[in-house]
Amino acid sequence: MRKAVRIAGRDVLFVMAAQAEYGPHLQRLFTPVMTGVGPVEAGVRLGAELSWL
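End of the sequence shown sits at 53 in this note's numbering; the numbers just go up one at a time, nothing left out.
Think of the hints as simulated: they come from the structure by calculation, not from any bench. Only a predicted model underlies this, so the values are computations on that prediction, with no experimental measurement involved. Glycine is no exception: its CB is placed at the ideal position from the N, C-alpha and C atoms. Accuracy of the hints is not assured; some may be wrong.
What the hints assert, rightly or not - Simulated restraints on C-beta separations:
hint	residue 1	residue 2	range
1	V37	G9	16 to 26 Å
2	V40	A8	16 to 26 Å
3	G38	F14	25 to 35 Å
4	A18	L50	30 to 40 Å
5	G9	G38	13 to 23 Å
6	M16	L53	17 to 27 Å
7	G9	V40	16 to 26 Å
8	W52	I7	15 to 25 Å
9	T31	S51	26 to 36 Å
10	G47	R10	13 to 23 Å
11	G9	W52	14 to 24 Å
12	A18	G47	30 to 40 Å
13	A8	G38	28 to 38 Å
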């Protein structure tokens, strides 16, 4: 996984819809995959990221 974080022995992929919900506190914790707010856009983007597994 390209943007995955290892937590308790598991790879975790953080996914968020929009930059507006990714404030300074979260920016210090992780870098998410931004999918976009539309359901089709989000599905395509997340599917593309998961294909790298």
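Enumerate the violated hints, using their earlier numbering and listing them in ascending order. 1, 2, 3, 4, 5, 7, 9, 12
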